[in-house]
Amino acid sequence: MIEPGLYHMLFISTTLFFIGVYGFFTRRNLVTMLMSIELILNSVNLNFIAFNKYLWYDKMDGLFFTIFIIAIAAAEAAVAIAIIINLYRSHKSIDVENAEEMKY
Amino acid sequence: MSGSNIIFYLLAALTLVSALMAVTTRMIFRAAIYLLFSLIGIAGIYFWLQYEFIAAVQIVVYVGGIVVLIIFSIFLTQQAGEQLPKQKLGRQLFAALAAFCGLALVMLQLVQHDFVATANKAIEPTVANIGTQMLGVDEGGYSLPFEVVSMLLLAALIGCIVIALKSKPETT
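Taken in sequence, the protein lines are chains A and B.
Those letters in the first sequence? Residues 11 to 114, by the working numbering.
Those letters in the second sequence? Residues 4 to 175, by the working numbering.
Quick caveat, the hints were computed from the structure, so don't treat them as lab data.
One should not assume that every hint holds.
EDC-like, lysine to aspartate or glutamate: derived pairs with alpha carbons at most 16 Å apart [as the list claims (entries may be wrong)]:
hint	chain 1	residue 1	chain 2	residue 2
1	A	K63	B	E55
2	A	K63	A	E13
3	B	K124	A	D68
4	B	K91	A	D105
5	A	K69	B	E127
6	B	K89	A	D105
Here are the in silico distance ranges between beta carbons for each label pair [as the list claims (entries may be wrong)]:
hint	chain 1	residue 1	chain 2	residue 2	range
7	B	I166	A	I79	20 to 28 Å
8	B	L108	A	V106	25 to 33 Å
9	B	M30	A	I12	33 to 41 Å
10	B	A101	A	I12	25 to 33 Å
11	B	A99	A	N108	20 to 28 Å
12	A	V106	B	L92	15 to 23 Å
13	A	K69	B	L92	41 to 49 Å
14	A	L65	B	G134	20 to 28 Å
15	A	N108	B	L92	31 to 39 Å
16	A	N108	B	F97	18 to 26 Å
17	A	L65	B	Q90	38 to 46 Å
18	B	A131	A	V106	42 to 50 Å
Computed footprint of chain A on chain B, listed as stretches where at least three residues anywhere in the stretch have a Cβ under 8 Å from a Cβ of chain A [said to hold, decoys possible]:
hint	segment
19	10-22
20	36-48
21	57-68
22	90-103
23	107-115
24	122-128
25	161-169
Cβ coordinates follow ideal geometry from the N, Cα and C atoms, glycine included.
All chains, please: the whole structure from these sequences, using the hints.
Next comes the structure, spelled out in structure tokens:
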């Protein structure tokens, strides 16, 4: 095994991103889709941190982007779960197929 | 092969395997627990990279906040022991194919690209440095995004209250 470096971090974050994409495509339940979105956001955070650590260690911009992404992800999760619970109240289900009258 | 390497590979395996389990398992409550382990693995990778502040924020916000919120919403919206309906095989196949093609494309680009590190002196990501730059108003300071994010959090708070409000029955 070789010393972990930038490429290892990028490999982990890319794989995590596409695991999240796979989950987003296959899941039909709104809560599990939200979980996939959290995985995608985490992979982006890991990417920013890896570039900050290995390439631009004289600045801290990647770190700040990570902090702001975490704050925005928390707000997004709170609003999404409020919407999901409200949808459950009116439809008694949180599958995306049962919420399709929002299209029209 | 040092202990540090072993710890890194263990953390990477924990993160990826539990993320994969989180998107494939059919028990929704187990999916939330696997997501929890995946986020803890990422926090461990931040610790391994010696970004302790980010690791602490990750544990507090994601593990302590978002996963607990997701578990609560699972309890409120469905039976925890219930299995999700089985997905169509074609959809799973095409999703796996799309994800794999994207992964292969990005990995090809990654291994062909040669990254060049900066030659400047490194600065330590200590909490003092982070705080000074976060609230700095001179060049490179992040006080404007900080204020914008605080406005966003306030808007999200009000939005959640408005969404969760019970609408009064119409009185005519």
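Cross-check of the supplied hints:
1. K63/A with E55/B: The given pair, whose Cα atoms are some 12 Å apart, holds under the 16 Å limit.
2. K63/A with E13/A: 15 Å, holds
3. K124/B with D68/A: Holds, at roughly 6 Å.
4. K91/B with D105/A: With Cα atoms ~15 Å apart, K91/B and D105/A stay inside 16 Å; holds.
5. K69/A with E127/B: The hint holds at about 9 Å.
6. K89/B with D105/A: Holds, at roughly 13 Å.
7. I166/B with I79/A: 20 to 28 Å: 23 Å, holds
8. L108/B with V106/A: 25 to 33 Å: 27 Å, holds
9. M30/B with I12/A: 33 to 41 Å: 37 Å, holds
10. A101/B with I12/A: 25 to 33 Å: Holds - the Cβ-Cβ distance for A101/B and I12/A, about 31 Å, lies within 25 to 33 Å.
11. A99/B with N108/A: 20 to 28 Å: 25 Å, holds
12. V106/A with L92/B: 15 to 23 Å: 19 Å, holds
13. K69/A with L92/B: 41 to 49 Å: 48 Å, holds
14. L65/A with G134/B: 20 to 28 Å: Taking Cβ atoms as reference, L65/A and G134/B lie about 24 Å apart, which means the hint holds.
15. N108/A with L92/B: 31 to 39 Å: 22 Å, violated
16. N108/A with F97/B: 18 to 26 Å: Given range 18 to 26 Å: holds, Cβ gap about 22 Å.
17. L65/A with Q90/B: 38 to 46 Å: Check passed, 40 Å falls within 38 to 46 Å.
18. A131/B with V106/A: 42 to 50 Å: 46 Å, holds
19. 10-22: Coverage by chain A holds for the segment 10-22 of chain B (6 residues, Cβ < 8 Å).
20. 36-48: As far as the segment 36-48 of chain B goes, the hint holds, because 5 residues have Cβ atoms under 8 Å from chain A.
21. 57-68: holds (count 6)
22. 90-103: Since three or more residues must qualify, the claim that chain A covers the segment 90-103 of chain B holds, with 9 doing so at under 8 Å.
23. 107-115: holds (count 4)
24. 122-128: Holds, because 5 residues of the segment 122-128 of chain B bring their Cβ atoms closer than 8 Å to Cβ atoms of chain A.
25. 161-169: holds (count 4)
When held up to the earlier numbered hints, the structure conflicts with hint 15 and nothing else.
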